Amino acid sequence: MKRGLLILALGVVGAVAAFCCVYLMGTTTPRALMRSEQPELAWLKHEFNLGEAEFKRIAELHAGYLPQCEERCRKIEELNGRLSNSLARAAQVTPDIERLLNERAQVRATCQAEMLKHFFEVSRTMPPEQGQRYLAWAQENTCLREQVMSHGQNIQSNHAAPAQHP
Amino acid sequence: MKTEKFNQDDAPLHVLLTEWKPEASLPPRFQEQVWRRIERAETALAPTVSLAAVLSNWIANLLPKPALATAYMTVLLIAGASIGWSQARQESHRVSSELGTRYAQSVDPYQLARQP
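Quick mapping for you: the protein sequence lines, in order, are chains A and B.
Each residue of the first sequence is one higher than the one before, starting from 1 at the first, in the numbering used here.
Each residue of the second sequence is one higher than the one before, starting from 1001 at the first, in the numbering used here.
The shape of chain A in the complex, shown without the other chains:
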């Protein structure tokens, strides 16, 4: 009985040990990514197989892009606030509201154009094949992706989420 119980316990301990070993080995990369200083950039490096030099250049591009992006976001926020104030006072579309809408659309378009420029710049820093993959990923996962226009109809698409008019 004692021998049987020992074998039983050894089996359970062995199974747990095998689980832990394989799990830890299998999650080495994601754990390393999460521990890095900038996990999202570390992910980019891993996902697109970047070398050290390429990664360094992309990290610089990323660091240079972010303050400009934040500045444009601040501008859009400011315009949103002004537009809200104008809308609260207005009973119809005034020239001021039209101007603010145009201005906001302009900043948004600039924002998207700059984002696209950044993506192209990053993709050029990568090896050509990876650069193409990166551009495809950016197109699929950012606001550059076309949104299906819908007036409430139940349009289904595999490629885009519908933007519904209120």
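Calculated from the structure, these hints are not laboratory results.
In this text the structure is predicted, and so the values were computed from the model without any measurement.
Where hints are given, some of them may not hold.
Among the chain A residues that face chain B by a calculated CB cut under 8 Å, a handful are [unchecked claim]:
| hint | residue |
| --- | --- |
| 1 | 14 |
| 2 | 16 |
| 3 | 73 |
If you anchor each label on the Cβ, the simulated ranges turn out as follows [unchecked claim]:
| hint | chain 1 | residue 1 | chain 2 | residue 2 | range |
| --- | --- | --- | --- | --- | --- |
| 4 | A | 130 | B | 1066 | 52 to 58 Å |
| 5 | A | 144 | B | 1082 | 37 to 43 Å |
| 6 | B | 1075 | A | 121 | 51 to 57 Å |
| 7 | A | 139 | B | 1082 | 35 to 41 Å |
| 8 | A | 121 | B | 1077 | 46 to 52 Å |
Over the 10 Å line for every Cβ pair with chain A, so calculated as not near, a few chain B residues [as the list claims (entries may be wrong)]:
| hint | residue |
| --- | --- |
| 9 | 1009 |
| 10 | 1012 |
| 11 | 1013 |
| 12 | 1015 |
| 13 | 1021 |
| 14 | 1023 |
| 15 | 1025 |
| 16 | 1034 |
| 17 | 1041 |
| 18 | 1042 |
| 19 | 1043 |
| 20 | 1052 |
| 21 | 1061 |
| 22 | 1067 |
| 23 | 1085 |
Note that beta-carbon positions come from the ideal geometry of N, C-alpha and C, so glycine has one too.
Chain A is already provided as a structure; the job is to place chain B on it using the hints.
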């Protein structure tokens, strides 16, 4: 000698028994009921074996056998490793997806605005 005498004495009885035919008929489903009673009696006689006793017997007598012990250990090791591998894959996929989203959010502020 004794048997012969006995047979001679019982000859009329023997004739009577040969001629006799039972008039009473068997009750309906008699045969089935007999079998059922036999079955019930056998079930009652069979010893009840609990799961704990089976397990205990298995651990004490069968598990220590080298072939079974090896098979048991192998199965558990493979099961542990397989589950570990599956969990690791899921975790890797989750982290990769999460970091991809975080990167997209860092370069595309519209991503955050779209969050529910």
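Hint by hint, which ones does this structure get wrong, listed from lowest number up? 21 and 23
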